[in-house]
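Visitor: Now for the letters of each chain:
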Amino acid sequence: MSVQDLSLHRAFAISLVMAAFAAPLAAQVPLVPPAPEGGFAQEATTIEELRWSPGPRNQIGEPEAYTLSMMLEWAAANNPTLRQARFQVSGTLAQAQQAGLYPNPTLSYVGDNIGSDGTAGEFQGAEIRQRFVTKGKLSLSREKYLQRAQVAEHLAVVQQFKVCNDVRLHFVATLAAQDVLVLRSELLKTSEDRLKTSKELYNLGQANKVDIHRATADLRRHQLELLAAENRVRQQFFRLSSLVGVELPARPLEGTLASDRQLIDFETAYGYVLSGSPELLAAQAKLREDSITVRRESVQWVPDIVVSGGTGRNFTNNDAVANVQVSIDVPLFDRNQGTIRQAQADQSRQQQEVRRIEMILKNRLADRYEQYISALQQVTSYEEDILPELKAAYEISLKSYRANREEWPTVLDSHQEYTMRRLEQVQNLQQLRSAEILIDGYLLHDGLEAASNPTPPGHIDSTPKPR
Amino acid sequence: MPANDDSKRDRREFLQHGLMAATALAVSEAGLRQVRAEEPSTGDASDFAARLPPHVRAEYDGFSRLRPSRGNDPDSDFYLGKLVPGLRKIEEGPAPFVAPDLEKLPHEFKNGAKEFHLVAQPVTREFLPGYPMNVWGFNGSIPGPTIEVTQGDRIRIVVHNELPEDTTVHWHGFELPVQYDGASVLTQNPIKPGKTFVYEFDVHEEGTYFYHTHVAMQEAFGMVGWMIVHPRTVFDPPVDRDFGLIFQNFHIKANQTISDSWAMDWNWHTINGRSGPFTTPLVVRHGERVRVRILDFSPMQHHPIHMHGHTFWVTGHEGARSPKSAWIPRNTELIAVAQASVFEFIANNPGDWMLHCHMTHHMMNHMVKHVGPRIRTDEHVDQFLANLDSRPSVNPGHDDPGFLVPGYPQKMQGMTMSEEFMKAIWSRREVQGMRATWPMSVMGLMTTLRVLPDDLFEKVMNSDEQIPKGSVFEEIIARFGDPNTYDKPSMNMMHGGRKG
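Which chain is which? The protein sequence lines are A and B, in order.
If you're matching positions, the first sequence starts at 1 in our numbering and goes up one per residue.
If you're matching positions, the second sequence starts at 1 in our numbering and goes up one per residue.
Accuracy of the hints is not assured; some may be wrong.
Unchecked claim - The list that follows gives simulated cross-link-like pairs (lysine-lysine, DSS-like), each with its CA atoms no further than 25 Å apart:
id, chain 1, residue 1, chain 2, residue 2
1, B, K369, A, K189
2, B, K488, A, K209
3, A, K391, B, K369
To be verified - Sample of chain A residues facing chain B (criterion: CB under 7 Å; computed from the structure):
id, residue
4, D193
5, R295
6, V299
7, R349
8, E383
9, D385
10, E389
11, S400
12, Y401
13, R402
14, R405
Don't read these hints as lab results, they were simulated from the structure.
Positions of the beta carbon are idealized from the N, C-alpha and C atoms, including for glycine.
Put together the whole structure using the sequences plus the hints.
Guide: Rendered as structure tokens:
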């Protein structure tokens, strides 16, 4: 197709897509009148009687078109799940901050033996108490939550891929719907021509009323297909704009379904996914967090030293006095052994979780790769053989008609077959592009699923004193 | 190339140099040319009558060889020109047999017989300019080359089979030893691919015969040729022209070159392997006695052959000349499959006359349903070709009020012919001077009989002169018709009406 043809094609596509966003059209489509008795020779058909009419145009200025980069940019700024994921990270960082904070000292006013010898007491004064955390428990706690924050970051990347992949998938789906609309319009033109040709044949005694009725029903069917195609453009656009997270005025999309991607090899793709999947990285980061958790719980039994001391006055003898206390918990019965075991169990579970995710990725890749390779075979065959052959058949049939050797109904059949195969190619290209997007995007999709927190399903909490 | 181009070139060169030819065939033609060269014709009837050879007359019992006439009495020997002789004498031998667009098969005398070599082979034949079709024939031609012998000859025909399958050749109508009948495996073993078979027999017959394969579908695929046996003594009355036309039908789909011999309906129709307007006209001089032999070798269809402007006598059929008492005058003769009919008439009505099968669908080629852009005022197929990925919209109604009439349109529209096509059509001498629109009306099983006054005949057939389209026809109108009521064709007519 030449550049001029492309711009004409695009202008036509834009006009069709604009019509697609008009008010529901079903009520506006006129019924095709029934065939009159006695034939069609006297029938004066009008466009309004036979032709489906598009609805009112969108009133917003001149048609513009959205590009994929615009959509991605808007989604990055506005998709709520991305914000959720960012909040997960900041929340976990806050946890890390909190976990590493030194315990505050406690300041007390103490009155002891008040009333002794009719005095204020044997000790009236202030005490300060401070816990000294041992064995690096605070740094380990902070380290644990910092590691958890890394998990949250990886999960945020997962969410980004989900959103971007979904935007790409739905952009492609909307482009495909636009192309389908153009091709359905082509089929409608041929169906209209077929009815007209049937009437010409009828007038020559070469078709009968049955043929006219069938052609009329076929025309109606193609009108419905066109309406359905318009509906699908609308549906796909709204799905896309929901992912983007902003209310977008209805405009056509600019882009091409064709793929210039190099061939994807399964083993290479598998290696790529395993080495870079943010889901897997998140799981591995969680495993590191679990390892830290085990270390943290392992030092929990080491008692902290609590030191307290203070000064005051003994009102019984009016002496200035002081007191000091040092205490530790004696790990006689509770050495945190249960919690340590919980942490170890969670760590072991997470090791299997990493393996599970690897298996899930392989499972998903198997499906996507099958979709990819089958679509690639279809696209290639259609591009190199099927469409050129059918285009040549259509062209030859037109030239043969011009030389008075071919019949017009046969030309219409050739055009219909060529266009039906072009429709199939649109589906093939959509399948191919979708598979490529998912394989390149680590098989992630569903950009409106809530961002997950860093605690994976099945996580075993290390609860010191379960109640 | 038309069959006798070499001889035509010889005649033109002869005329230009003004020399006498030496052969018997050339003598008669040359004699006539000599007379006319020395005394340029004015085309005037009295002038023509004065220039006739002394042994013939212009008029016989009320029948004139110069103008359409009946004769005084249906029982007269000269009624409708029945026994009116041609301009040549019996002793000059038979008039040369001409099958337009076909060659003659040469022979040599060998071991007491005229030996011919016939090669059965696949052939590509241009039915129309730019339409080469795949059929089977003989010696590169379909129909095959004409075998011409004389009554009493012993002939030997060596058939070489270059087909990829078995074949035999049947000599239709000959009463010969049964082992040479060629009736497939009934009378001989088939001729295997790459092998030969020798048919040898004495010809005691005279008349119009033909040869053809005797494998059924090979017959439908085109394998036939003339076999003309001249009588020992030239028939009386002698003819000046002797033409042979073989009518065939084929079914060839659009975008296809191979004939479907199993089809039961036919869309390509040929005369001597050409479809109208690529059939070469039969050109005769005003006043000559003409014989036309027509063979129907269609697979399954009979042909009612009609000649315009003249009434002919049916003087024979395949295999024998009829006794004069059995001759029938008519202008349309039904010829069944594998039958031949022989017409004789005096070419007394100058003009370009259609000679054609009168079956409607045989008067066109590759007929298709007549619907689509061709009959719509606001569409043209070129709009569709301009962009194969996006077709034009169609207006559901018709602006042409003709569509309010049931049966409209019956007239074929949009029959345009390309420049290369027209160049090939107009390249032959035989068509020079015809009306500019003649190719639009002669199609399928149609050809033309051109009856030309001497001077116009010389101009068309024996000169290299550039002849403007329509000029010869207009001259005939001027001399024999009413030029005041004659309209030349318009440009629109020359482009076939509407468009493609």
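Visitor: Next step is simple, just say for each hint if it's right about the structure.
Guide: Verification of the supplied hints:
For the given pair, B/K369 sits about 21 Å from A/K189 by alpha-carbon distance, which is consistent with the 25 Å threshold. As the CA atoms of B/K488 and A/K209 are separated by approximately 44 Å, the hinted pair breaks the 25 Å bound. Proximity of A/K391 to B/K369 is assessed by CA-CA distance (about 23 Å); at most 25 Å being required, the pair is judged to hold. Interface restraint check for A/D193: the shortest CB-CB distance to chain B comes to about 4 Å, inside 7 Å, so the restraint holds.
Of the supplied interface hints, the one on A/R295 is violated, with its beta-carbon coming no nearer than about 68 Å to a beta-carbon of chain B, more than 7 Å. Evaluation of the A/V299 hint against chain B yields a violated restraint, the C-beta minimum of about 74 Å exceeding 7 Å. At its closest, the beta carbon of A/R349 sits 58 Å from a beta carbon of chain B; the interface hint therefore is violated under the 7 Å criterion. This hint is violated: A/E383 has a C-beta 14 Å from the nearest C-beta of chain B, more than the 7 Å allowed.
The interface hint given for A/D385 is violated, since its Cβ lies 17 Å from the closest Cβ of chain B, which is over the 7 Å cut-off. Violation of the interface hint for A/E389 is found here, the shortest Cβ-Cβ separation to chain B being roughly 13 Å, above the 7 Å cut-off. The restraint placing A/S400 at the interface with chain B holds, with a minimum CB-CB distance near 5 Å, inside the 7 Å limit. Given the 7 Å rule on beta carbons, the hint for A/Y401 holds: about 6 Å separates it from the nearest Cβ of chain B.
Look at A/R402: its Cβ gets to within about 4 Å of chain B, closer than 7 Å, so that hint holds up. Hint status for A/R405: holds, given a least beta-carbon distance of 4 Å to chain B, under 7 Å.
When held up to the earlier numbered hints, the structure conflicts with 2, 5, 6, 7, 8, 9, 10 and fits the remainder.
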